[in-house]
Amino acid sequence: MSVLHIINKSPFEKNSLDTCLRLAKKGSAILLIEDAIYAAQKNTAVADKIIAAVARHSVFALAPDLDARGIDESTVVDGISLVDYEGFVRLATEYHAVQSWL
Amino acid sequence: MPQIKKFLYVNRKAPHGSIYALESLEVVLVGAAFDQDVSLAFIDDGVYQLMLNQNTNGIGVKNFSPTYRALSDYDINQIYVEKESLELRGLKQEDLLPLTWEDEDEDWAEKDSIQVVSSEELGDIIDKQDIIFNF
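Those sequence lines, one after another, are chains A and B. Quick note on this note's numbering: the first sequence kicks off at 1 and runs consecutively. Quick note on this note's numbering: the second sequence kicks off at 1 and runs consecutively.
Think of the hints as simulated: they come from the structure by calculation, not from any bench.
Straight-line alpha carbon distances no greater than 30 Å define the calculated DSSO-like cross-link-like pairs of lysine-lysine that follow: (1) B:K83 with B:K5; (2) A:K42 with B:K92; (3) B:K92 with A:K14.
Label pairs and their computed distance ranges (CB to CB): (4) B:L88 with A:A52: 12 to 22 Å; (5) A:R56 with B:F34: 46 to 56 Å; (6) B:A70 with A:D72: 22 to 32 Å.
Ideal Cβ positions, reconstructed from N, Cα and C, are used throughout, including at glycine.
Could you build the full structure based on these sequences and the hints that come with them?
The structure is reproduced here in C-alpha cells:
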C-alpha cells in the first residue's frame with residue numbers, strides 16, 4: 001500500500017511540486033489538479049522534473065482542469081495518465097492514504 | 001478636462017485556481033469608463049490567462065477568457081506579454097488568444113493587441129506609468 005500525493009499549485013508559483021517529489025516514496029502516486037496541471041505540459045522549465053517523476057511514480061492529471069486552462073492533451077508529458085472526477089475518486093480509494101500538498 | 005493618466009494592470013496569476021484573474025478583468029472593464037491610457041501586462045503565471053481554447057464546462061466555473069476579446073471595444077489595445085514568462089512555460093504567441101483592434105487612424109486596419117516584449121522592454125513600460133494595479 002502506498003500514498004496518493006495531490007498537488008494543486010502551479011510549479012512556477014509555489015514549491016509544492018518540489019517538496020512532493022523530494023518526499024514521495026518510489027511507487028507512490030502523484031495526481032496533478034487545478035493549477036498544478038501546468039506541471040504536466042511538455043517543454044516547460046519544470047518538464048524535466050515531471051519526466052523524472054514518471055519513472056518513479058504513477059503520475060495522473062485531472063483532465064477537466066487541463067481543458068479549463070486550454071492545455072491540449074497532446075502537449076502533456078508522455079507517461080502521465082489523464083483522469084476524470086470518477087478516476088480521481090477511484091484513486092483516492094485505491095491508495096491507503098491521501099496527502100494534499102497545499 | 002482632467003489630465004489623462006497612464007494606467008497599468010499587472011496580472012501574475014493563473015486564471016482558474018484563484019479569483020485574481022477574473023477580478024482584474026472586472027476592474028479593467030469598470031475602469032475603461034474613465035477614458036484613461038490603459039495598458040495590461042501579463043507576467044509569470046498571468047500569461048496563462050490568455051490561453052486559447054479554455055473550456056471550463058468540466059470544472060463548473062465561468063469561462064471568462066472570451067471577455068478579453070471585448071477589451072478592444074473599450075479602446076484597450078496595449079496588451080503586453082513578457083517573452084521570458086512565455087518561454088519558461090514552453091508557450092508561443094500562437095498559443096494565446098488572437099486579440100486584435102482596429103486603428104481608425106489607418107483606415108481601421110486590424111492590428112494585434114498583444115505585444116510580446118522582453119523583460120527589459122516591460123521594465124521600461126512599467127517605468128512610464130502613473131498608476132499601477134496588481135493582481
